[in-house]
Amino acid sequence: LDKIWGMSEKLLDGDAIRPELEAVANRTIKKVGEDIDALKANTAIAQLMIYVNALSDHGGANRAEYEVLLQLLNPFAPHMTEELWQQLGHTEQLAYHAWPTYDEAKCVEQTIEIAVQVNGKVKARIQVPAAIENADAIARAKEEPAVAEAIAGKTIAKEIYVKGKLVNIAVKG
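Numbering (UniProt numbering), first residue to last: 1 to 173.
These aren't lab readings, by the way, just hints derived from the structure by calculation.
Don't be surprised by glycine CBs; every beta carbon is placed ideally from N, CA and C.
Check the hints yourself; a few may be wrong.
Claimed, not checked - Subject to a maximum C-alpha distance of 30 Å in a straight line, what follows is the list of computed DSBU-like cross-link-like pairs (lysine-lysine):
1) Lys-40 to Lys-3
2) Lys-163 to Lys-123
3) Lys-165 to Lys-123
4) Lys-163 to Lys-121
As the list claims (entries may be wrong) - Taking CB as the label site, the calculated pair distances span:
5) Ala-152 to Phe-76: 48 to 56 Å
6) Gly-14 to Ala-152: 41 to 49 Å
7) Glu-149 to Ala-95: 57 to 65 Å
8) Ile-45 to Gln-93: 19 to 27 Å
9) Lys-10 to Thr-101: 26 to 34 Å
10) Gly-14 to Asn-53: 14 to 22 Å
Taking the hints into account, I'd like the entire structure generated from these sequences.
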């Protein structure tokens, strides 16, 4: 809660959720809403912590991102969120404000990080599109400098892509 209070003192410029945070924001809105309906406060708060950490990792929150956070946190910390809501300049109570909506299509990450292994040892981690095909993932992995060095002058015995997880290249020699 201290971290959330501190965010209010240094809001970033912008009045829309940043593209790099859309997936986590939409997932958080969906999960917190579902968990409140199912009376699962612990998992709702855990998802809120994921959202707060994502905001921190991106340098803080802008006004739109912060307002979503306050709306989702309100059922669990109403006194604090109402005070912060009023500090943002709102005159109506947060409790009477509409619950945020989410876009199911935006709940999915557009890019993912996968590990690249050579003979079972991690040589790199790469960012790839979530819908990348096997051949493209393997080709992208081979372009990574540490991987290229590890396979240089060796015979490739097998190439495996585990969707969304890793690329493993087995080499001989």
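Cross-check of the supplied hints:
no.: 1; hint: Lys-40 to Lys-3; verdict: holds, 23 Å
no.: 2; hint: Lys-163 to Lys-123; verdict: holds, 18 Å
no.: 3; hint: Lys-165 to Lys-123; verdict: holds, 14 Å
no.: 4; hint: Lys-163 to Lys-121; verdict: holds, 18 Å
no.: 5; hint: Ala-152 to Phe-76: 48 to 56 Å; verdict: holds, 54 Å
no.: 6; hint: Gly-14 to Ala-152: 41 to 49 Å; verdict: holds, 45 Å
no.: 7; hint: Glu-149 to Ala-95: 57 to 65 Å; verdict: holds, 58 Å
no.: 8; hint: Ile-45 to Gln-93: 19 to 27 Å; verdict: holds, 22 Å
no.: 9; hint: Lys-10 to Thr-101: 26 to 34 Å; verdict: holds, 27 Å
no.: 10; hint: Gly-14 to Asn-53: 14 to 22 Å; verdict: holds, 19 Å
The structure fails none of the hints (numbered hints given earlier).
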